[in-house]
Amino acid sequence: MKKLTVRAQLAMAFGGITLLLAGIASFAILSIASQSDNFEAYVNGVRARSEAAHSTMEAVGSRAIAARNLVLVNTGADMEAERKKVLQAHADVSSNLQKLNELAREKSVSEEARHMIEKISDLEKQYSPVALSIVDLALHDKKEEAIVKMNNECRPLLAALEIASNDYETFTARQSSALILEAQQSSSRVKNLIILLSISAVVISVAAGMLISYKLLKALGAEPGDLCDAVTRVADGDLTGELNVRSSDTTSILAAVMRMQSSLSTVVKSVRQDADTVSTAAAEISAGNSDLSSRTEQQASSLEETASSMEELTSTVRQNTDNARQANTLAIAASDIATKGGNVVSQVVGTMDSISEASRKIVDIISVIDGIAFQTNILALNAAVEAARAGEQGRGFAVVASEVRNLAQRSASAAKEIKVLIDDSVERVDLGTKLAADAGATMSEVVDSVKRVTDVIAEIVSASQEQSSGIEQINQAISQMDNVTQQNASLVEEAAAAAESLRDQAGNLVHTVSVFKVHAEEGQQCSPTSQKPVRKVASVTKAVTRTVAGYANRASNVTGLSRNSMPKAAGVPDWEEF
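Sequence positions in the sequence shown follow full-length UniProt numbering and run 1 to 578.
Don't read these hints as lab results, they were simulated from the structure. The beta carbon of each residue, even a glycine, is placed where N, CA and C say it ideally should be. Fair warning: there could be bad hints in the mix.
Result set (DSBU-like, lysine-lysine): computed pairs, CA atoms no more than 30 Å apart in a straight line [said to hold, decoys possible]: (1) Lys84 with Lys125; (2) Lys99 with Lys119; (3) Lys99 with Lys85.
Now the in silico label distances, taken between C-beta atoms and shown as ranges [said to hold, decoys possible]: (4) Ser262 with Ile195: 48 to 58 Å; (5) Thr5 with Leu193: 32 to 42 Å; (6) Gln393 with Glu417: 46 to 56 Å; (7) Leu193 with Thr18: 42 to 52 Å.
When you get a sec, could you build the whole thing from the sequences and use the hints?
Below is the structure:
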């Protein structure tokens, strides 16, 4: 119990009371449920079977009376009415007896009760045929036989059935009395136990409340109102108040508040001394960051201009590269056209050679024709000579020979003219062939020149692409430098804003600490010392680092003191956890 927190102690106390009350309520609910189950068992068990047996005997009696009346009446209408009553009563006996047998099959029914019900059922099985036979005899106008059978057979069975039914009713009455007595005794026991548990719960609750109140007062060290006033003064900044703490009290909350008040006085003095140093250092850092921000912005502006110039140069180089690429395409097309022209000239040269060769063959053929004409002329001349020798008989042959000679002469003349023309054509064809050969050589030189131009333009395109790629890389590098410079400028601005904010916060800290009231001697000690202005940002940064580190160490010491100033002695709860 000594090591438990207030939360745990309160939880245990109220939890125990709650569990006790829950146990009482659960016990009462279970008891009521048990009594309800017993009553339900009585209503659905003993009482239901008793009512079913009673209804069965009432139906048996109604059937017996209707059978007797059927023997006594004489009119047909009365007999029909009594017959219907007999049948209705018999149906009621069957249904009620069936219900009684179904209730007897339940597990809660004792063997004795089940045996009695079976006896009633057996007697009804014996009595029912006899009663129906009497009805049948009466309907067939055999009333004497019916009366005899009624007296000899029906009456003994009916009496036995009534005795068995009365025995079962007596048995069920005893069971009902026993159940009622048991319910009364159980209700009395439950009532007494609930009263006892309730008294115990009240006693335990009072004891737990008194014990917890004593422990809380001991842990607080004073009344909650006095402790609240002391803490309120400290919260309002008044550290000059006197706390009435017993000399032997070192573990209460009030004693811890007194130690906290002393520690806060020391912290306030340290904060007042260091706040001015932080403010001066923050001002120097802010000024240095402002200068650095200005220079960084100038550098960023220069980089932006350089990046813009590089983008223009990149655009120009790209345009030159595109123009060189187009010139290369046109040169390649011209080279292809020149190559095709050279091929055509070569074909023309070949064709001219073929024409020259054909002309030479024609000259040869014409020479043959000229020879044939000359020989024909000789033969015609010989024929004319022979015709002249023949005299009158050879005159007709001479005429023919003369015509043949004329034709031969004209053929020879035409052949000579053709030969002259063909010789002239051959000379011209030779000249054309020579010119075509010269044109082919010229076209070959043109093709070679175009290829050399194409190669030069391709080299220019390749160099332009490499130059464009290099300029693009330079542009990317400048863009990255521009981004980095802009980021640096943003960081410098943020650092300047942070330094300015630090200076404002240092002023706010001085203003905030001024709220605390300390003793006169401490107030003199806490007056801030004059700080010489720091000329260099690096030295100021080191001073701020030392100051903040010293303040952090003192703050951690004070925190540890405020936490360790409340040792957990006997009966003192862990208020940090609470």
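Can you confirm whether the C-alpha distance between Lys84 and Lys125 stays at or below 30 Å?
holds, 21 Å
Between Leu193 and Thr18, does the C-beta distance stay in 42 to 52 Å?
This hint is violated: roughly 19 Å between Cβ atoms.
The hint says 48 to 58 Å between Ser262 and Ile195; measuring C-beta to C-beta, is that right?
holds, 57 Å
Holds or violated: Lys99 with Lys85, Cα cutoff 30 Å?
holds, 21 Å
Can you confirm whether the C-alpha distance between Lys99 and Lys119 stays at or below 30 Å?
holds, 15 Å
Could you say whether the range 32 to 42 Å given as a hint is met by the Cβ separation of Thr5 and Leu193?
Since the Cβ atoms of Thr5 and Leu193 sit about 35 Å apart, the hinted range of 32 to 42 Å holds.
Could you tell me whether the CB distance from Gln393 to Glu417 stays inside 46 to 56 Å?
violated, 38 Å
Of the numbered hints listed earlier, those contradicted by the structure are 6, 7.
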